[in-house]
Amino acid sequence: MNLDTKLNIPPQVMSRLVGDETVLLDLASGIYFGLDGVGMKIWESVAEGQTLAQAAAVIVDEYDVEEAQAQADVLEFAGNLVERGLLSR
Amino acid sequence: MIRYSVAPARVQLQVDSEPFHRFEFDDGTVWTEFYRTGDGYLLRFPELADFDVSADGTEVVAHPVEGTDEATIEHLYINQMVPLALSRQGKPSFHASVVTVADGSVAFLGKTGMGKSTLAASFALNEAAFLTDDSLLIEEQDHQCLAMPSHASLRLWEDSVDALVCDDAAKSAAISYSNKARLLAGNALTFNEAPVRLLAAYELIDNDPSEISITPLSGSARHMAWIENSFLLDIEDRDLLARHFDWTHRIASLVPTFALEYVRDYGMLADVRQAITTHASTLI
Chain A
1 MNLDTKLNIP
11 PQVMSRLVGD
21 ETVLLDLASG
31 IYFGLDGVGM
41 KIWESVAEGQ
51 TLAQAAAVIV
61 DEYDVEEAQA
71 QADVLEFAGN
81 LVERGLLSR
Chain B
1001 MIRYSVAPAR
1011 VQLQVDSEPF
1021 HRFEFDDGTV
1031 WTEFYRTGDG
1041 YLLRFPELAD
1051 FDVSADGTEV
1061 VAHPVEGTDE
1071 ATIEHLYINQ
1081 MVPLALSRQG
1091 KPSFHASVVT
1101 VADGSVAFLG
1111 KTGMGKSTLA
1121 ASFALNEAAF
1131 LTDDSLLIEE
1141 QDHQCLAMPS
1151 HASLRLWEDS
1161 VDALVCDDAA
1171 KSAAISYSNK
1181 ARLLAGNALT
1191 FNEAPVRLLA
1201 AYELIDNDPS
1211 EISITPLSGS
1221 ARHMAWIENS
1231 FLLDIEDRDL
1241 LARHFDWTHR
1251 IASLVPTFAL
1261 EYVRDYGMLA
1271 DVRQAITTHA
1281 STLI
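Quick note, the sequences are listed as chains A and B, same order. Here the first sequence stands for residues 1 to 89, numbered as in this note's numbering. Here the second sequence stands for residues 1001 to 1284, numbered as in this note's numbering.
Chain B extracted, bound-state conformation:
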């Protein structure tokens, strides 16, 4: 659980210390800066908002910059702060979308832009359901991994919305820093509210392949796929790193993990869904 509140808007004052970590876009623009404070962390999204996070990750306070709308703050909280704060509680999330397949679920691991949301939307619009768009929390039960549902929405670029024919899906308010549309689950876009056994994970690779290919990852690549797609707030916390190393090792041992390559062509998505469904069915 996280206690969350939004404080009045304020100016982003200069922080005395240097950030211990930062996320940057490919062009070098800073997306998030991570600072230590006396009693936790300050995460800064330049020109949008600051978020105070308690050391144990149970409390988050948003401090919007004047002019940042509510939808943007809510979006930053749900998509960025919740998984990062949960990592302080010892519940790390992964950059993955998850959909129901063959009496279980499968995860699509990958960084932003690899096609996780498009693939999840494609399933959820075609007789399957999604559990999360980009924040997979896993729980272990009886030596099986369960994928936990998160927020019932998907973020897609407009071209994906058009190509997938998402006209019937409800959209939430636009956010200020991204042109992506946030589609809310409903009759058109099916959401699964219950935990589902994770049958497999597919790391999305984009090597411009000529055909759909699913190949098992070797042991170290399997472990690294989970490590590299983790949300971790404090990458300098040795205890947390050690626990996370063991947890990702456990997941890599329990969840068959594969590399998935396919042509990024909307017209091919039905074939990709079929290939994944057929493949996952063999893992039950």
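Pulled out of the complex, with its shape left as it was, chain A reads as follows:
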């Protein structure tokens, strides 16, 4: 996985927005997962079909963070969600 990667939301994963946060449900495992702030921005970017580099650019635009840091954070966060089965390649 790198910054050019486009990830997908697996069909068994549902997401619902409440207020300015999102809850994910993996129907396969029955596991729920809450996203807020930066995590939600990355999720929205992935849902729109953007690359991880584009997701990082959104973070740079909206938060006071260096591009390199944002890219590292996005890669780490996306890797976590892939590991949990909440995103797929």
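Hint data in this document are derived by calculation from the structure and do not stem from the laboratory. All the given hints hold, so there is nothing to weed out.
Residues from chain B that face chain A, not an exhaustive set, calculated with beta carbons under 7 angstroms:
#1 S1220
#2 I1235
#3 A1252
Virtual Cβ for every residue (Gly too), placed ideally from N, Cα, C.
For this one, chain A is given, so just place chain B on it according to the hints.
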């Protein structure tokens, strides 16, 4: 609707399959085991009773263990089986007590031991009424959530009964596995038989606070509060999980949901009631 019947007592024979889910007490003792059968489910309460539930949740048959009294079977049916069976009918209930407040009602969400029943009894003994002790069914009407009344009784530990001065409330027969008293609604303990608009829900938190505090839950915490306090019989049924996820999302969007912290001191209950009443009044 549920068709309910009680079969003759029988021995709890070993089940061929492994349970797909179980409820356990904090000390690891099994409270309920959930098995799949050819045409539905078997729920086992070790040494007390088995219950067969049809796949669609419309039929429940109790099979008591020899020596389990009627009051215990009735209690297990009302408090455990009805909400679980209703979840198979697409009508999930929530672990919550509900009381009337300020021309509406409020729910107290929380697991066993968080104080839901004590708080509900405190209201119902003091010019309010309760709609349910621990099984909240919600219906939506005109973009509002209605709390539906359930069984007209409350279960309390004896120290709560004594502290709240429930002497005038009628008690039902004792049940074999719990020291809690079941208080029946009546003149002393007021019950509301009609659906009431749900103004708010308060998730009971016990962090040993120094004062009463009511704080809004964030979006995901609000949704999770409803999910985590749900009665669901089959947690592996994807269609049911998906519908439930949408329903809890809907409720979390419609019902303002808060964290409620207060000192667990019977002497403080009047202040807690006042704080909730004042807070709920601002939500009308």
